[in-house]
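Assembling the complex is the task here: the two chains are given apart, and the hints tell you how they should meet.
Taken in order, these protein sequences are the chains called A and B. All residue numbers for the first sequence refer to our numbering, where the first residue is 1 and numbers rise by one. All residue numbers for the second sequence refer to our numbering, where the first residue is 274 and numbers rise by one.
Derived from the structure by calculation, the hints contain no laboratory data. Just so it is clear, the structure is predicted and the values come from calculations on it, not from any experiment. Check before you lean on any hint, since a few could be wrong.
[Unchecked claim] Listed next, with one range per pair, are the computed distances between beta-carbon atoms:
#	chain 1	residue 1	chain 2	residue 2	range
1	A	Leu195	B	Asp457	30 to 40 Å
2	A	Lys167	B	Gly539	28 to 38 Å
3	B	Phe698	A	Lys167	54 to 64 Å
4	B	Asp580	A	Leu195	48 to 58 Å
5	B	Glu542	A	Ala106	40 to 50 Å
6	A	Val252	B	Glu542	26 to 36 Å
7	A	Ala48	B	Arg458	33 to 43 Å
8	A	Lys158	B	Phe425	40 to 50 Å
9	B	Tyr368	A	Leu41	47 to 57 Å
10	A	Leu41	B	Asn275	53 to 63 Å
[To be verified] Cut-off 27 Å, straight-line C-alpha distance, at most; resulting in silico cross-link-like pairs (DSS-like, lysine-lysine):
#	chain 1	residue 1	chain 2	residue 2
11	B	Lys583	B	Lys471
12	A	Lys160	B	Lys549
13	A	Lys160	B	Lys546
14	A	Lys160	B	Lys551
15	B	Lys583	A	Lys158
16	A	Lys241	B	Lys549
17	A	Lys158	B	Lys453
18	B	Lys641	B	Lys655
19	B	Lys549	A	Lys158
20	B	Lys543	A	Lys241
21	A	Lys160	B	Lys520
22	A	Lys167	B	Lys429
23	B	Lys345	B	Lys401
24	B	Lys567	A	Lys241
25	A	Lys160	B	Lys543
26	B	Lys549	B	Lys520
27	B	Lys471	A	Lys160
28	B	Lys583	B	Lys567
29	B	Lys520	A	Lys158
30	B	Lys567	A	Lys160
31	A	Lys241	B	Lys546
32	A	Lys160	B	Lys583
33	B	Lys551	A	Lys86
34	A	Lys158	B	Lys567
35	B	Lys583	A	Lys167
36	A	Lys158	B	Lys551
37	B	Lys453	A	Lys86
38	B	Lys543	A	Lys158
39	A	Lys241	B	Lys520
40	A	Lys158	B	Lys546
Using N, Cα and C, we set each Cβ at its ideal position, and we do this for glycine too.
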Amino acid sequence: MDITLLKFTAVFYILATGSFIVYVFYLRDSMSRLSPLILFLGFLIHTAALGLHFFQSGYAGVNELREAVSFYNWLMVAVYLLIQLKYRLTVLGAIIAPLAFLMTLAGFAFGESSGELPPGLRTYWLPLHVTLAFLGNAVFALAFGVSLIYLLQERQLKHKRMSALMKLFPSLEALDRLNYILLVWGFPLMTLGILTGSMWAGIHWGNYWSWDPRQISSGIAWLFYGTLLHGRITAGLRGRKAALLTMVGFVVVIGYFLWGDSIFPSRHAGRFE
Amino acid sequence: MNKEIVIVGMNHRSAPIEVRESVAFENAYIRDALGRLSAYPSIQESVILSTCNRVEVVAVASDHLSAFEEIKTFFAAQRAHRNRDDLAELAEHIYSYHGADAVRHLFRVAASLDSMVVGEPQILGQLKDYYQAAQRTGTVSAILHRLFHRSFSVAKRVRTETGIASRVVSVSSVAVELAKRIFDRFDDKTVMLIGAGKMGDLMARHLQSNGVQSLMVTNRTFERAVELAGGIHGSPILYEDFPHYLKMADLVIGCTGSPEILVDVGMVEKVLKERKQKAMFFIDIGDRRNFDPKINELDNVYIYNIDDLKNVAEENLQERSTEAERAEGIVLEEVQNFTRWISSLEQVPTITALKQRFEEIRRKEMEKSLSGGLRDLSESQKKALEDMTAAIINKMLHDPISHLKRSSDDDQEATLYIAALKRLFGLEKK
Numbered sequence: 001m002d003i004t005l006l007k008f009t010a011v012f013y014i015l016a017t018g019s020f021i022v023y024v025f026y027l028r029d030s031m032s033r034l035s036p037l038i039l040f041l042g043f044l045i046h047t048a049a050l051g052l053h054f055f056q057s058g059y060a061g062v063n064e065l066r067e068a069v070s071f072y073n074w075l076m077v078a079v080y081l082l083i084q085l086k087y088r089l090t091v092l093g094a095i096i097a098p099l100a101f102l103m104t105l106a107g108f109a110f111g112e113s114s115g116e117l118p119p120g121l122r123t124y125w126l127p128l129h130v131t132l133a134f135l136g137n138a139v140f141a142l143a144f145g146v147s148l149i150y151l152l153q154e155r156q157l158k159h160k161r162m163s164a165l166m167k168l169f170p171s172l173e174a175l176d177r178l179n180y181i182l183l184v185w186g187f188p189l190m191t192l193g194i195l196t197g198s199m200w201a202g203i204h205w206g207n208y209w210s211w212d213p214r215q216i217s218s219g220i221a222w223l224f225y226g227t228l229l230h231g232r233i234t235a236g237l238r239g240r241k242a243a244l245l246t247m248v249g250f251v252v253v254i255g256y257f258l259w260g261d262s263i264f265p266s267r268h269a270g271r272f273e
Numbered sequence: 274m275n276k277e278i279v280i281v282g283m284n285h286r287s288a289p290i291e292v293r294e295s296v297a298f299e300n301a302y303i304r305d306a307l308g309r310l311s312a313y314p315s316i317q318e319s320v321i322l323s324t325c326n327r328v329e330v331v332a333v334a335s336d337h338l339s340a341f342e343e344i345k346t347f348f349a350a351q352r353a354h355r356n357r358d359d360l361a362e363l364a365e366h367i368y369s370y371h372g373a374d375a376v377r378h379l380f381r382v383a384a385s386l387d388s389m390v391v392g393e394p395q396i397l398g399q400l401k402d403y404y405q406a407a408q409r410t411g412t413v414s415a416i417l418h419r420l421f422h423r424s425f426s427v428a429k430r431v432r433t434e435t436g437i438a439s440r441v442v443s444v445s446s447v448a449v450e451l452a453k454r455i456f457d458r459f460d461d462k463t464v465m466l467i468g469a470g471k472m473g474d475l476m477a478r479h480l481q482s483n484g485v486q487s488l489m490v491t492n493r494t495f496e497r498a499v500e501l502a503g504g505i506h507g508s509p510i511l512y513e514d515f516p517h518y519l520k521m522a523d524l525v526i527g528c529t530g531s532p533e534i535l536v537d538v539g540m541v542e543k544v545l546k547e548r549k550q551k552a553m554f555f556i557d558i559g560d561r562r563n564f565d566p567k568i569n570e571l572d573n574v575y576i577y578n579i580d581d582l583k584n585v586a587e588e589n590l591q592e593r594s595t596e597a598e599r600a601e602g603i604v605l606e607e608v609q610n611f612t613r614w615i616s617s618l619e620q621v622p623t624i625t626a627l628k629q630r631f632e633e634i635r636r637k638e639m640e641k642s643l644s645g646g647l648r649d650l651s652e653s654q655k656k657a658l659e660d661m662t663a664a665i666i667n668k669m670l671h672d673p674i675s676h677l678k679r680s681s682d683d684d685q686e687a688t689l690y691i692a693a694l695k696r697l698f699g700l701e702k703k
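Just chain B, same shape as in the assembly (with noise of 0.2 Å):
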């Protein structure tokens, strides 16, 4: 029987979420999805993949259209379910892919070449877990496992063979990524947030995630400074002695939201004589500018606005386009190394059915001639007769037997002798 994989399903830029949302599936409820699923006469192996930004089937079929109607309505089932039955908007939104066109959409799914976020690492995990949903069903058997065991490996050497997943995007990480350019370790470093804007509090609390122990907080509003402290278990400072405290303090993060400059070159110049000139990072990151831009220009001082962070995160988006490409390479590569894989599997079966039917042929003919016009033949040329046959076919098939196994290569190439043998020789009638 032919085995292709196919891919039918729709992710977030084919589809709206709206659209997404009217077919996926809850995990609950997925292992009775692919039992509906398998029930379709053309699906033998399948895996359903429902997340925020896709829903996908990934099946093996024994012929891809008839697979790509099947899924469909299988898509436009669930949808009904939710009282949304009009399959043809539903079409315009879904994507069919098969052959290495299939193999390759996985591989680049569990690269994390086709998230919203290039590079995230999420989506191998949720892939995972699908796969083993599915395996637990018993919808998984050969050709599933190794697709989806070859697509964690691709997603392997991406990450490691790529930059692609080492560019951090948020402006809260990009701050802690340059932090750690600067000091070497932060659990004997302090920081000093000025002021309760909710991404100070983030941004603090994405520090101590990283090391930082100690935490001095301080507000205008003493007592907001308190509140702010317990939930972060820092130590609230009043407004007016922050200057005071500033020369503890490795890491200062501006959020207050007034328009004032509270830190200035001439404070951070004292602070850094009383503390030795060892390095200071101020993290700027309130809607307005709470310290002076000029600290830059001292050394063995940084500051960053959010201005500065968001163009960190921008130019780390541009690079990690830059390094996609190259693990689109790695995908495509791999992919062939998989259809050349998947060829061989239908090359052997082809061979055998080759053979078989030649010898099915010679047999019938020989019966035909033995039992008629050769009756009176003797053993020996009985015997000599068979053999010439015999050797007949075998010559007759040489040429095209190992053409076939030579074509293993191109992928394409032997997908068309495969199709030809079988049409020219009516080996699929069986």
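Bound conformation, chain A alone (with noise of 0.2 Å):
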């Protein structure tokens, strides 16, 4: 992958970061509208970088770690870029842009790309499978910033303060609506990441679901987001418990997308002979 791109990229998400900084914390107005810009184009130079290197190489590059944090990075800024278009939502981009920012750096640390892609992940089913997974998640971890923004808003109403920064929230209501929306969104996109996967295993190694731990913690982050799903719109499960729901799912489902392939070997780990 491109070095050099993706370095500029990381400085854009910086900048991006600091001006939503500058934005929340000392109310600027312009800054409300310079801070998207600059991610947006930090955006357009990441997308350089993983055209490139698709173009380069051949394939989609997700099968490293670095490469996967890379195109994972990309997803969650383009579904946030959507989301800031329609709901001019622009507190999030300051969880958001930090986020990206660290994901970029989280990437140079993932080591060299070997440049090589091993002959079984040679199909089509590699960037679909990974794309539908991956975009699923990263409308999740937009869900977890509404979230966040949701809980301090609920906490200072409760506790009767209310500071500037509370100004740049939208309403809990809109939060809360957003929230779903997002969950509506996100779970047929993890659903189909996962259909896909295990299809994919059907054809590739014979049998549709071999008990591998990714695909165990899948099908848990699956039926929890499912439950908190079913939750919201038949038990009137909202407010604070579904936004606390929506933070721990996420915590959960991304660590275990950093570490959990060291911890209990997969073959999605590389590890494919």
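Written out as structure tokens, the structure reads:
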């Protein structure tokens, strides 16, 4: 992967972070347009880096951890920019921009790319499965951010304090609705991610479900989010509890994504025979 | 002629209301008053401001000391008009500013930094009205025109760059502001008003003006509920029935004056289940508590009583003062820009006058010499002499003039130099 382009991406993401922070803490209105724009520029460079990698190597870079992190990061920023376009939730950028920056940095830390795709992975299933699974997860990352803002806002209202920061936050009703919308989008994507993975496994390895640790963890996460969605639709699960559960679910999923494979060896960890 | 900006007047801090009233100008007579004011010899341009919190004259004058006296006499005349003629009492309540201080004062007034409620937005509109009145009367010219327009844009800058105007401070607007933090929109929300207290009625109206359409009103005496509901287009409900209707209400306002708890935790818990946990906002606005404060411990329910609302208002007030400090910084910056412009106005005429004065001396001396001892010079020699004397003057004036031009960055220094030049070379005699 092109390191120079990724370095530029990181620079823009940290600039966007600074700009969002100025917006949130100094309430500068001018920053509400500038900050997403800087993030968008970083996103364009990021896109170029991923595109270049694709054309040079001929496959989408999602195999090794650094590639996967970078691709996931890219999807997350894309989803945020879409939300920003539709809901003008600039304050959410103050959570996403630093996250995007840290994930770009993390990409550097995971070592050099080999530039070689193992033969077992040279199939269209790889980009399809990974894109769907990651996209679902990126939507949950945004739901995490929205939930965090919800909890901050809720806390201030319960403690009867009205800070200047709150002026930037949308109403609890709007945040809760957005959280629900993200869940409604994220859950089917996650489902499709698991289904394509299972079908791929079935075609290549002969069995659809092999109780691989990654499959188990995905299954648990799927059940968790499914229950959450079900609760929201039928049982009036909303507000603070829904926000808390959304955050817990995401932390577990992302934690497993980053470190799970080193604890429980899995076929996902690049061990493809 | 010299031009100085002066402000003489009084505000809510410097003078008690009786004194301000005694010199206030009614809108209908502003034109007359401006006419009388311009008759004073040193007043060149003028605007009168007269609001409930301040009476001020903003003027351009040839000399600030005589302008101060003249405007005070003008105020005294206004007061005498109302049969009060003790000028001494008036004098202790009046402040007078000139130069940069006057500019700063006007900018602060426009930016609502000098208001009783700092950040309140009305003053800017009033300022514009009084400026326009003066403009129509014809007592405004280049300097006040620029000064007032500058003050309007300073006010705008302060408004957009600081949070000074954004913090609500009245109890009922704090409640609406909080409701907006909870609910995204009001047109699909229902309000229940329990009790006939005045604050409750006010609160309900405030919510209606923010979009609430559905309103239930209940009171122990049903007739009173019907009467109240009629005034605010709500539907009256029987007092005994209100717990059944509670599940429909998103905002509940309690204002009964009764000392008992009308809504307790168990009741709200049950209602929430029926509402599928949809958020509720309880506003306990009466003197006595009608809602159990423990309701706050339930999820998706928020309750504020009158003290909570007052506390938030108080916090907002404090936050305004830190924002006000930032606003003062903006004002100072703008004052510097403005005084720079003013001193550049004075500079050009001073430089021209200085050149003219030197040229005059040269011409006189040349004439004297050419008709005296140097009578026999040839034309080309006369020409050379002419050039030489002109060159001497230019060389001599070069440093002082370029220094003066450069000094315009520092208002005080520029004023000092201009005054010195005028004195030293007798530029003001004509």
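How the hints compare with the structure:
{"no.": "1", "hint": "Leu195/A <-> Asp457/B: 30 to 40 Å", "result": "holds (35 Å)"}
{"no.": "2", "hint": "Lys167/A <-> Gly539/B: 28 to 38 Å", "result": "holds (35 Å)"}
{"no.": "3", "hint": "Phe698/B <-> Lys167/A: 54 to 64 Å", "result": "holds (59 Å)"}
{"no.": "4", "hint": "Asp580/B <-> Leu195/A: 48 to 58 Å", "result": "holds (56 Å)"}
{"no.": "5", "hint": "Glu542/B <-> Ala106/A: 40 to 50 Å", "result": "holds (45 Å)"}
{"no.": "6", "hint": "Val252/A <-> Glu542/B: 26 to 36 Å", "result": "holds (31 Å)"}
{"no.": "7", "hint": "Ala48/A <-> Arg458/B: 33 to 43 Å", "result": "holds (41 Å)"}
{"no.": "8", "hint": "Lys158/A <-> Phe425/B: 40 to 50 Å", "result": "holds (42 Å)"}
{"no.": "9", "hint": "Tyr368/B <-> Leu41/A: 47 to 57 Å", "result": "holds (53 Å)"}
{"no.": "10", "hint": "Leu41/A <-> Asn275/B: 53 to 63 Å", "result": "holds (55 Å)"}
{"no.": "11", "hint": "Lys583/B <-> Lys471/B", "result": "holds (17 Å)"}
{"no.": "12", "hint": "Lys160/A <-> Lys549/B", "result": "holds (24 Å)"}
{"no.": "13", "hint": "Lys160/A <-> Lys546/B", "result": "holds (24 Å)"}
{"no.": "14", "hint": "Lys160/A <-> Lys551/B", "result": "holds (20 Å)"}
{"no.": "15", "hint": "Lys583/B <-> Lys158/A", "result": "holds (16 Å)"}
{"no.": "16", "hint": "Lys241/A <-> Lys549/B", "result": "holds (13 Å)"}
{"no.": "17", "hint": "Lys158/A <-> Lys453/B", "result": "holds (14 Å)"}
{"no.": "18", "hint": "Lys641/B <-> Lys655/B", "result": "holds (13 Å)"}
{"no.": "19", "hint": "Lys549/B <-> Lys158/A", "result": "holds (20 Å)"}
{"no.": "20", "hint": "Lys543/B <-> Lys241/A", "result": "holds (18 Å)"}
{"no.": "21", "hint": "Lys160/A <-> Lys520/B", "result": "holds (24 Å)"}
{"no.": "22", "hint": "Lys167/A <-> Lys429/B", "result": "holds (20 Å)"}
{"no.": "23", "hint": "Lys345/B <-> Lys401/B", "result": "holds (24 Å)"}
{"no.": "24", "hint": "Lys567/B <-> Lys241/A", "result": "holds (19 Å)"}
{"no.": "25", "hint": "Lys160/A <-> Lys543/B", "result": "holds (24 Å)"}
{"no.": "26", "hint": "Lys549/B <-> Lys520/B", "result": "holds (10 Å)"}
{"no.": "27", "hint": "Lys471/B <-> Lys160/A", "result": "holds (24 Å)"}
{"no.": "28", "hint": "Lys583/B <-> Lys567/B", "result": "holds (19 Å)"}
{"no.": "29", "hint": "Lys520/B <-> Lys158/A", "result": "holds (21 Å)"}
{"no.": "30", "hint": "Lys567/B <-> Lys160/A", "result": "holds (14 Å)"}
{"no.": "31", "hint": "Lys241/A <-> Lys546/B", "result": "holds (15 Å)"}
{"no.": "32", "hint": "Lys160/A <-> Lys583/B", "result": "holds (11 Å)"}
{"no.": "33", "hint": "Lys551/B <-> Lys86/A", "result": "holds (24 Å)"}
{"no.": "34", "hint": "Lys158/A <-> Lys567/B", "result": "holds (11 Å)"}
{"no.": "35", "hint": "Lys583/B <-> Lys167/A", "result": "holds (19 Å)"}
{"no.": "36", "hint": "Lys158/A <-> Lys551/B", "result": "holds (16 Å)"}
{"no.": "37", "hint": "Lys453/B <-> Lys86/A", "result": "holds (20 Å)"}
{"no.": "38", "hint": "Lys543/B <-> Lys158/A", "result": "holds (20 Å)"}
{"no.": "39", "hint": "Lys241/A <-> Lys520/B", "result": "holds (21 Å)"}
{"no.": "40", "hint": "Lys158/A <-> Lys546/B", "result": "holds (20 Å)"}
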